[in-house]
Amino acid sequence: MRRWGVTQYARTEGILAEPIGDLWAVFCPTSGETSLLNNESMAVLEVLEAGPAGTAAICGALAEDSGESIEALEGLIEACWAQLIEMGLVRELRVPRTMLG
Amino acid sequence: MSSAPRSHQTLGDTDTLAFAKVLADAGFGIDVGAVSVHVRSDSKLFARQLQSVYAHFPLMDRAQWADVHLTINRASGFRRLIRPQVILQCDGRQPFEPFPANAPLPLFEWGCNWMIGQRLNDLLLLHAGAVERDGLALLLPAMPGSGKSTLTAALSLRGWRLLSDEFGAFNPDSGTFRALLKPVALKNQSIEVIRTFAPNAVFGPEFPNTRKGTVAHLAAEPDAVERRHESARPGAVVLPKWQAGSPTRWEPLTENVLFGALAFNAFNYSVLGATGFRSVVRLVRQCPGWQLVYSDLDDALATIDAAWPQVRERQLAAGQ
Chain D
232 MRRWGVTQYA RTEGILAEPI GDLWAVFCPT SGETSLLNNE SMAVLEVLEA GPAGTAAICG
292 ALAEDSGESI EALEGLIEAC WAQLIEMGLV RELRVPRTML G
Chain A
274 MSSAPRSHQT LGDTDTLAFA KVLADAGFGI DVGAVSVHVR SDSKLFARQL QSVYAHFPLM
334 DRAQWADVHL TINRASGFRR LIRPQVILQC DGRQPFEPFP ANAPLPLFEW GCNWMIGQRL
394 NDLLLLHAGA VERDGLALLL PAMPGSGKST LTAALSLRGW RLLSDEFGAF NPDSGTFRAL
454 LKPVALKNQS IEVIRTFAPN AVFGPEFPNT RKGTVAHLAA EPDAVERRHE SARPGAVVLP
514 KWQAGSPTRW EPLTENVLFG ALAFNAFNYS VLGATGFRSV VRLVRQCPGW QLVYSDLDDA
574 LATIDAAWPQ VRERQLAAGQ
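Protein chains in written order, with the numbering used here: chain D, 232 to 332; chain A, 274 to 593.
Note that these hints are calculated values from the structure, not bench results.
Here a beta-carbon is modelled for each residue, glycine too, at the ideal position from N, C-alpha and C.
Heads up, some of the hints might be wrong.
Reference listing, derived: stretches of chain D covered by chain A, where coverage requires no fewer than 3 residues with Cβ under 8 Å from a Cβ of chain A [as the list claims (entries may be wrong)]:
#1 260-273
#2 289-295
From the structure, some residues in chain A lie toward chain D, with a derived Cβ separation under 7 Å [said to hold, decoys possible]:
#3 Trp383
#4 Asn529
#5 Ser543
#6 Gly546
#7 Ala547
#8 Phe550
#9 Val554
Example chain A residues on the side facing chain D (calculated, C-beta under 7 Å, incomplete) [said to hold, decoys possible]:
#10 Trp523
#11 Glu524
#12 Thr527
#13 Ala536
Please work from the sequences and hints to get the whole structure.
Right under this line is the structure:
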């Protein structure tokens, strides 16, 4: 969380995802690249399908679905962002606090 | 895209001098299945080399469409006297360094494959050997040095129909593989392996000291030439790996290894975008896959033959 606002993440539009064995093949239409993702990263993308969200909100949603604790999920999710951004699958949004309602 | 030509005269039937003149004047068209190639050349040696490995291909009518146009001419000036060379050009470009004048055929084959990889974006071009049996394609994707060409060549000499040594050409619209039937380029020890395996196999000349070592081209069987416009439905994928002294190992591939072997080893996967992605997903869903580690070619073929009825039954059931 930054002093002037919070960081949220938005899923790139038009992503195609298919389960391939124990991984997910994900095609990014903006980069044209295909990546293989594990279940944790794919779960994050699925939550983001509903709209941009920050780590806390995503952890909340996933904790509810998986029964894992929010604390346990936070580390996993934080570790996903750099890779998902590099793959072009999500982008970072800096949202001023005043816009968060 | 080419359609079936109607010509009865084959390249092998044609007098070499007459063919060399045609090649130098109007040029010559070769229909290899999914694509046709037009080539012109002032090299009489090239005419003879083409005849050695494309003997069963019909002579195409001059008026027929060609997808790829190439010229291979002898270098001019003093280079005709000192270490003479041949130069390949396509669309006014010279994508490769000149080759020695006695090696126009490997230059043609590499140039042709390069152009097909650049041009044929209505098909997903997997980097794989491809053969057919029972209307089903067996794909052999692999990295260089894996024994892909050796295994593809051996299969094509034991009752499997060669579709291509280099391209698994998948049509996303029809969901079938097409032939890109060119000679199998064998390198180094593979040449002797296949000569021993099939003493009657027809080879072009050997070219020592190329970038890939010694290269020789194995001509496609007449039946494969005759049937080069027949498509094949996806059958199975085998990832070959030649390993000196290894017993034959045959292990199922996980879907994600199969996906990677097809998508990340294709010529134009990224160019095709979502179509490429959907095609590979479809192939992974449809085709069983195995890793084949081998050193004994006969044993490797017997292993594939033994697994094939299972593939045929599965694909038959899926098609009903």
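Hints, one by one, checked against the model:
| no. | hint | result |
| --- | --- | --- |
| 1 | 260-273 | holds (count 5) |
| 2 | 289-295 | violated (count 0) |
| 3 | Trp383 | 26 Å, violated |
| 4 | Asn529 | 4 Å, holds |
| 5 | Ser543 | 5 Å, holds |
| 6 | Gly546 | 6 Å, holds |
| 7 | Ala547 | 6 Å, holds |
| 8 | Phe550 | 4 Å, holds |
| 9 | Val554 | 5 Å, holds |
| 10 | Trp523 | 19 Å, violated |
| 11 | Glu524 | 15 Å, violated |
| 12 | Thr527 | 5 Å, holds |
| 13 | Ala536 | 6 Å, holds |
Going down the numbered hints, you'll see the structure goes against 2, 3, 10, 11, while the others check out.
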